[in-house]
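Enquirer: Chain by chain, the residues run as shown.
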Amino acid sequence: MTGPAAPPLTGRITGPDSMTPRQAAAQPRDPVTATLHPATLPVRVMPAAGGRLLLPVPAAALRDHLARFGPPPFRGAPGRLTGEIGEAGLTGRGGAAFPVHRKLAAVARAGRRPRAIAAGASRAPVVVANAAEGEPGSRKDLALLAHAPHLVLDGLQLAGEAVGATTAILYLAREPATGEWLRAQLAERAFAGLDPLQVSLASAPARFLASQESALASRLSAGPALPRYAARGIYERGVDERPTLVLNAETLAHVALIARFGPSWFRTAGTAAEPGTMLCTVLHGRTAVVTEAALGTPLRDLVNMREAQAVLAGGYHGGWIPARAAAGLRLSNASLRPAGASAGAGVLAALPEDRCGVAETARVTRYLAAESAGQCGPCLNGLPRIAGALATLAAPRAADHVLADVIRWAGLVEGRGACHHPDGTARFVRSALRAFAAEFRLHQHGRCSAPSREPFLPVPPPAAAPATEQDWI
Amino acid sequence: MSRPMELRVDPVACSGHGLCAQLLPELIVLDEWGYPVLASRPVPGSLLGEARRAVSFCPALALRLQRVPGDLQR
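For the record, the sequence lines run as chains A and B.
Basically my numbering = 1-based index in the first sequence + 5.
At position 10 of the second sequence (counting the first as 1) the number is 5 in my numbering, and the numbers step up by one without a gap.
Hints are computed from structural coordinates only; laboratory data are not their basis.
We put the beta carbon where it would ideally sit given N, CA and C, even for glycine.
It cannot be assumed that every hint is accurate.
With the C-beta cut set under 7 Å, the calculated list includes, among others, these residues of chain A facing chain B [said to hold, decoys possible]: (1) Pro383; (2) Arg421; (3) Ala423.
Extracted from the complex, chain A is given alone in its bound form (with noise of 0.2 Å):
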């Protein structure tokens, strides 16, 4: 059977707010309103030795899954698979690294429960594969799902069972090469006949909040894809009122390993406590790499530490470190949250030496500010506030009771809305300010110690900042 071909790794966004190179390169070179889209960032696929789901030959075809995997080892009921889940210790590799077997059983067990419910509406559970990589920087789940999708999408199978789900959904990015490709891999599947739930493709917008559970859980409850406040979690009643399963995509290639090769195997790599492998996105120069380490590998060698004076882990819901300490630090979060970052969803980049430190932070606070969904009051004018004040700081122009303002807005935030946008842009910007203390002192007196203006970390351009409830559509 041929369809069509796995889909280019470069861009994500063909949509109208999509540059071409030469357009992105005639953009103003003022370090904080220069943007560097994502879509043009080249990725490349770099395998590693140990690596689980990137392995050196793609498996990106149904047959060549098959050869290497076998169909996927159904339970044949609910529930038991999530005993094994537990033993392995795996975590959500979305960003969150809950721990999976409790999201599992508490679906479960939210579809065991009765509910007076309208006649004909449905209490079984919906799972969700997010691949909706909200995150400007990250290209793993893009990666994997040109690398190995049968993995994923084994995972969603089989991570429905374990709850009892009664519908299928793959969230994406809007990405018509990727969308046609899957549907494509989906078909596939059918023919063989190895998917017992019907999977439907819905797509996120390119808002950096969509990939949020709550946002998700909405839009595919045919609303816009605005993050939700709510008593009850979407494991109890998330996707039309039914509870829901949410799991990253990689998560869910996770799952189809361990169901396959146990707890024990998947124990073999990883720290004792947080086993196993990630995906991480290192951005690298313009390129993004996308390769697979296990939890507890040195951070060096993952990234560049040479010419580097810090290191952002855990994308911009995370933290700056400096070089020097981020040289003895290991991916994974036992060591970055007490550094102030995360292994998040595996974004990595090394700010080299000559980039101005304070302008990269004012570029994305700029750009975090804007994606607020603006619902909640302190992040509506909180985040704009600390924006505007780093962005005068970068200019660089002098002012010494900013840096103040932005940390005090930057504890009013926290803690304070709908879902946890303030709370990483609070952390992001906070350890901004530790890492690069002594550049945000020079700046306050005017001066800037960076000779290049080039922007580094991918922001997409602000024409793309949301205005109306169309723009989570």
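Starting from the known structure of chain A, fit chain B onto it as the hints suggest.
Expert: Frame of chain A, contents of chain B only:
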């Protein structure tokens, strides 16, 4: 003994009327944009009456008094 009660605000519904801070200054102050900042401690028994009053007076129905939630409900 049952779990203690705590105040929570639905930050999407809250539009910063500020009534709650007037009715319950012991546990609620307003930030510089007029949105409530809640004390992180549980509501002491002596203030439960005032807390219920603040909840019922919230024009946006955004303030809630609830039991300190269990694990997966955060």
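Enquirer: Now tell me, hint by hint, if it's right for this structure.
Expert: Results of checking the hints against the structure:
no., hint, result
1, Pro383, "holds, 6 Å"
2, Arg421, "holds, 6 Å"
3, Ala423, "holds, 5 Å"
Every hint, counting from the list given before, is met by this structure.
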